[in-house]
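2 protein chains.
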Amino acid sequence: MTISMYQTAVPTAIRALDNLAAILGKAAAHAEAKKIDPAVFVNARLYPDMFALAKQVQIASDTAKVGISRIAQATPPPYEDNETTFPELIERCRKTVAYLETIKPAQLDGAEDNVVTWATRTSTRSMKAMPYLLGHLLPNVFFHVTTVYAILRHNGVEIGKQDFLGKLDLIEAA
Amino acid sequence: MTISMYQTAVPTAIRALDNLAAILGKAAAHAEAKKIDPAVFVNARLYPDMFALAKQVQIASDTAKVGISRIAQATPPPYEDNETTFPELIERCRKTVAYLETIKPAQLDGAEDNVVTWATRTSTRSMKAMPYLLGHLLPNVFFHVTTVYAILRHNGVEIGKQDFLGKLDLIEAA
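Residue numbers (my numbering), protein chains in the order written: chain A, 9 to 182; chain B, 9 to 182.
For reference, chain A alone in the conformation it holds in the complex:
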């Protein structure tokens, strides 16, 4: 068995977003238990010119959705970025995962040398698919999921790194 572009990209991004949804669920339960307005967490940020939690979730979703679509040469569904509550943000993760589950291995495997092109505010950029996946797409997804985790930890939500890593594919002892 060799390692494939699909396996490296899609299940990894799905796992990150599933774990993000679970973390958001714990934050919602924490807010309810402590009788704190959930909007305080949804609008929290670590510094005035950093994005608030809701935007971090939206970018994690978009980075996975748009990035994998670029490699697969697929057209991702547009999202409105209008989530303002924990249930809406969890649904954002879920629908992103549901979209990623429609991507077939054949759309990514063999695409290592495809050229991915995208526009920034100031220029057009191109990368080969593999360095784009490993140096841009996946780091970006983990960056924004970790930032959500950091915002919640900074605000006292009781989560741990196991929530970020999620359930591991452990081999059971014989």
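The list makes no distinction among identical chains, and a pair is therefore deemed to hold if it is satisfied within one copy or across any two copies.
Straight-line Cα separation of at most 25 angstroms, SDA-like style, residue types lysine to any residue; simulated pairs: (1) Lys112 / Gln66; (2) Lys63 / Glu40; (3) Lys136 / Asp121; (4) Lys169 / Pro84; (5) Lys136 / Ile179; (6) Lys136 / Gly118; (7) Lys175 / Asp57.
Because the hints were derived from the structure by calculation, they are not lab data.
Use these hints to put chain B onto chain A, whose structure you have.
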């Protein structure tokens, strides 16, 4: 060209640690320019029961060093975790990168189905090498590098996501 275990693991971890070293360099320059004791940043944390910056750097280093060694069935050099300054933490990143550069593709390629086993405080865990790399090792490295970034941003250091992503392998326009 297919995607390989080595390419997925080693250059990705090296890039993350190189970017971490650059971020720490910017933080050291910021402390000097603002006449702030650098130890304030090195000992900063986002919540009382989270690890401080220095420990986050040490764990990012160890996760890469130990994790890749486990897959490669290599014995990594021990580090003492005694860094207390920015130059020492940057050197920690640099020596981790130098060690990872000694890992040969042949030590990882073909190791997808190797079983990786490690002890936690309470049990022994085993995973196949590929889910270990994609679901544990790389997420962990990005988690701790991002947490360092978050601690520094929270404390006013002027860095941006481009510092976290580092120099991208862009294709130059013709």
